[in-house]
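Colleague: Residue-level listing of the chains:
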Amino acid sequence: MSQLAELAAKAKAQLDAHTYENVQWHFHESTGSPFWLEKATTYNFDPLKEVKCFDDLKKFPHFEDDWLRGGPISRWIPKGLAGKPAYVFETGGTTGIPKSRMVIEDHWIDYENFSDTLPDEYFPRGANWLMLGPSGPRRLRLAVEHLAQYRGGISFCVDLDPRWVVKLLKKGKIKEAEDYKEHVIDQAVTILSANHNIQCAFMTPKLLEALAMRLLDDGTSIAESGIKGIFAGGTEFTPQWYRTCREELLGPDVYITPTYGNTLMGLACGKPFDPADNYKITYYAPQPRAVIETVEFKDYNQVVGYGQTGRVKLYTMTKELFIPGFMERDEGEREKPHEKYPWDGISGTRPFHEYAKTTTVGVY
Amino acid sequence: MFDIPILRFGQTYESMEKQPVVHFDTGEPVAQLHQATGAMVKLDLKKSQKARDALRAVPIAKLIDICKAAARMYLEETLPCGNGSLSPAEFCRLQSATTGLPENMCAANMRKNAFVLGHMDEVLDALTRGLPYEILEKGYGKESRGVMVSYQATTPVFGMVLPNNSPGVHTLWLPAIPMQIGLCIKPGSQEFWTPYRITEAFFKAGLPREAISVYPGGHDVGGAVMTDCQRAMIFGGQTTVDQHAGNPKISVHGPGFSKVILGDDVVDRWEDYLDLMVDSVFANSGRSCINASGIWASRHTREIADAISQRLGPVVPLPPNDPKSSLAAFTTPGAAEAMNAQIDEGCQADGVTEMTAKYRNGPRLEKRERCDYLRPTVVHCTGPDVPLANTEYMFPFVSVVECPQNKMIAQIKQTLVGTALTDDAKFKQQLLDATNIDRLNIGPVKTVQLNWLQPHEGNIVDFLFRNRAFQDTPPAAH
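Line by line, the protein sequences give chains G and L.
Numbering follows my numbering, in which position 239 of the first sequence is assigned residue number 239; successive positions increment by one, without gaps.
Numbering follows my numbering, in which position 391 of the second sequence is assigned residue number 1391; successive positions increment by one, without gaps.
Take these hints with a grain of salt, some might be off.
Claimed, not checked - Covered stretches of chain G, going by a simulated chain L footprint (3 or more residues, C-beta under 8 Å):
id: 1; segment: 39 to 51
id: 2; segment: 167 to 179
id: 3; segment: 182 to 188
id: 4; segment: 245 to 254
If you're looking for bench data, these hints aren't it; they were derived computationally from the structure.
Every residue, glycine too, gets a C-beta built ideally from N, C-alpha and C.
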């Protein structure tokens, strides 16, 4: 057995054990959340007895994201964590009731784990951060702030309300949306000019592009502003954009790594840059806390072959949240395990083709 | 299969993202078009002054010679296209294959573009009202009458977001090059052929390569062109027009709502103008903004509609390579169906009658496996306020509207080309004063018969140059 195969087998065993442990936690009368304990009464199987490995999660019906809309939010708090200070983070919400996720410490743990993947050379410990992404009821702001603190720095933030931007775009108010983007970039430029030792940043691709362009117009650059490392995500990150970034927008002195994630999953890391990949971006979920599968469009329980295209199926298993198979609004190609992440990855993520025409992309 | 890269101010660039382009009818892959990104466009535009500098190094008279040579090459020679090359006939075949426009119309549009390029000296002379080239080159100078004038370029490059519907639109931007303004082009996803071919003809004729960029791509590319070029033109529907209305940086080209108007003094002789009306509706498969979508008269409207229907109703789709083919295919799935449904709904209203149905021998909508056709449609409207009285569709569609002459000018609303058939002096003056008509023809001129020495939807010279004050000596005492 090759070294990678050994690592993959070990990761699979760890995932099976993690799955069993989490199902026991979420469906046990003494520790489970009101939501899952009630849900379990509707199943024709007993999760406590019949879910022993990851593949057994297919016994659960697909998780419906509408379950996350509306309250009471407390129904998601596992009894085993009752009394702990809780946060609520939201996604969507431009119109109607947003999806809400209850969080206690997951956002800290996810970003601490992510921190371990960042190269210190480009994300120096003790350096300060710029968080150029959505604020308000979203998890990113607090998560990046924790990441900065975990690495010994302080995170500087801006105000950004993506729901307002979506409204502007849907009304065709392009000029107003551009003005709002300029307002956000103004805040970032001001922070960067204020001698705060900011060397690391989270930025969405569109805001990174806008900031870099602004700095170029001002006769400077991201590199000259002092930023050495950027992790980017939140909107579509294409290989061509990645290449333009590395070759033309940022230059050789700034490290950029793509990430893929959301409030439900946490943060999937990008495979380390390798010229041989020709800028193909491959993401790996933070297993075993979250798992990404690439599944057939017509059978969400069937994983596609390597290199084949399918829809993104997400599983989350932490002490705080249990999601046994949630169909994401994205599609991509299944990728083989990597030594750093010895489990399946996904590349070419893009809006699921059936939704793509109705999705407002490029919000921030 | 043609592999067509991005052109970044003269440098070819191979993108990692390529869009397959297929034959509209067979689905056969025809080309793959490399896709640019908005970031790429924005980065290049930061150096756009180099394009103008390169053009300013060439005298305008020489640039006009280049245009004339390019016109001949574009029309007659085999020119590079991506990883291959195309003869004029092959060019028409491929342009037809991706746009659905019959090959004979592709050839006609080629001749139109070549005409403008080949007569660039006359076009510039007309549009600049005889301005000496030296004044455009230097930015100021004295005219022959001794008056100092200054023309300042408003932008180093002219941005454009081009459409797919008709290759004839490229005539509009060609004068930019001899005026020493560079080009930043986002071509249509199906009609990218003409910008690339004209560019290759320019290069072969000796134009500096730094002068032109061609960026195929998605909405972010169009957005970058529109926001980062100091002057840009865009083509689109009414929504696009409304979105950019009043923006002095943007020249927006939308539906034309072009019309033929018959005055009360000639309407009883309407049969004399039947050919003019039919051709105004039908030429170029009714795809252009200059095609008439309305015919307005105070009487005889039902007879006029019936006579046009007799001519257009029997027209059927023919293979695109048939020299008699006169109908273009709709290649965007669902587009023809949606228009057909709108027309059917409009025809349900009181006062609207479809006149073509009885001459058509079949439905208006012809669905094929990969494309659709809409057959010519003439509707009669009893007044200007009924549905379909002032509509435009991208196929031979016309509303024949009954309206008193004294209400006509106000009721026709915005009209790109208005051909008025009248000898009534008072009506002619009212037409001349009507600001809702852009191009006015008084007399027997088909709406599609454009004189390229005339401005179109604004004068490109006024758009790309600012006529401002300049003095190098104090004025006479006063």
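Colleague: Decide, hint by hint, whether the structure agrees.
Modeller: Consistency of the hints with the structure:
no.: 1; hint: 39 to 51; verdict: violated (count 0)
no.: 2; hint: 167 to 179; verdict: holds (count 3)
no.: 3; hint: 182 to 188; verdict: violated (count 0)
no.: 4; hint: 245 to 254; verdict: holds (count 3)
When the structure is compared with the earlier hints, violations turn up for hints 1, 3 and for no others.
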